[in-house]
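Asks: Sequence:
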Amino acid sequence: MNRVSWKWFAGWLLMGMLVFSGGEPGLLAQNRKAPKPSPGLKVGDIAPDFKMQFFDGKDLKDVSLSEYRGKKNVVLAFYVFAFTGG
201 MNRVSWKWFA GWLLMGMLVF SGGEPGLLAQ NRKAPKPSPG LKVGDIAPDF
251 KMQFFDGKDL KDVSLSEYRG KKNVVLAFYV FAFTGG
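Everything in the sequence shown is counted per the working numbering, starting at 201 for the first residue and increasing by one.
Please note that a few of the clues may not be correct.
Here are the simulated DSS-like cross-link-like pairs (lysine-lysine), alpha carbons at most 27 Å apart as the crow flies [claimed, not checked]:
no., residue 1, residue 2
1, LYS272, LYS242
2, LYS258, LYS272
3, LYS271, LYS251
4, LYS251, LYS261
5, LYS271, LYS242
6, LYS271, LYS261
Treat the hints as calculated values from the structure; they're not laboratory data.
Let's have the full structure, built from the sequences with the hints guiding it.
Replies: Dropping the structure here:
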């Protein structure tokens with residue numbers, strides 16, 4: 201290829217890449233709205249009620265947090281992959 205056709209080819213190749221890639225990524229990022237933060241709990245807030253299943257060694261039982269409200273202290277500990285072999 202001679203010098204003129206090489207520049208012509210490179211220019212069209214660049215234009216094609218811009219067209220098929222959707223343009224400049226910065227323009228797309230400006231149009232996106234930042235997600236609103238979810239209203240979370242603050243220290244000292246009362247925990248919302250929830251239900252879960254509890255295995256007592258024999259059967260699964262349904263348990264809710266409201267069953268223990270005012271009776272006992274409840275501590276939740278989440279252990280990711282604990283006792284799962286993963």
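Asks: Hint by hint, say whether it matches the structure.
Replies: Evaluation of the provided hints:
1. Using a Cα cut-off of 27 Å, the hinted pair LYS272 and LYS242 holds, with the two alpha carbons roughly 21 Å apart.
2. Using a Cα cut-off of 27 Å, the hinted pair LYS258 and LYS272 holds, with the two alpha carbons roughly 23 Å apart.
3. Only pairs whose Cα atoms come within 27 Å are accepted, and LYS271 paired with LYS251 is accepted, the gap being roughly 17 Å.
4. With a CA separation close to 10 Å, the supplied pair LYS251 and LYS261 stays within the 27 Å bound.
5. Note on LYS271 and LYS242: the hinted pairing holds, with a Cα-Cα distance of about 22 Å set against a maximum of 27 Å.
6. A hinted pair counts as satisfied when its Cα atoms are at most 27 Å apart, and LYS271 with LYS261 qualifies at roughly 19 Å.
The structure meets every hint from the earlier list without exception.
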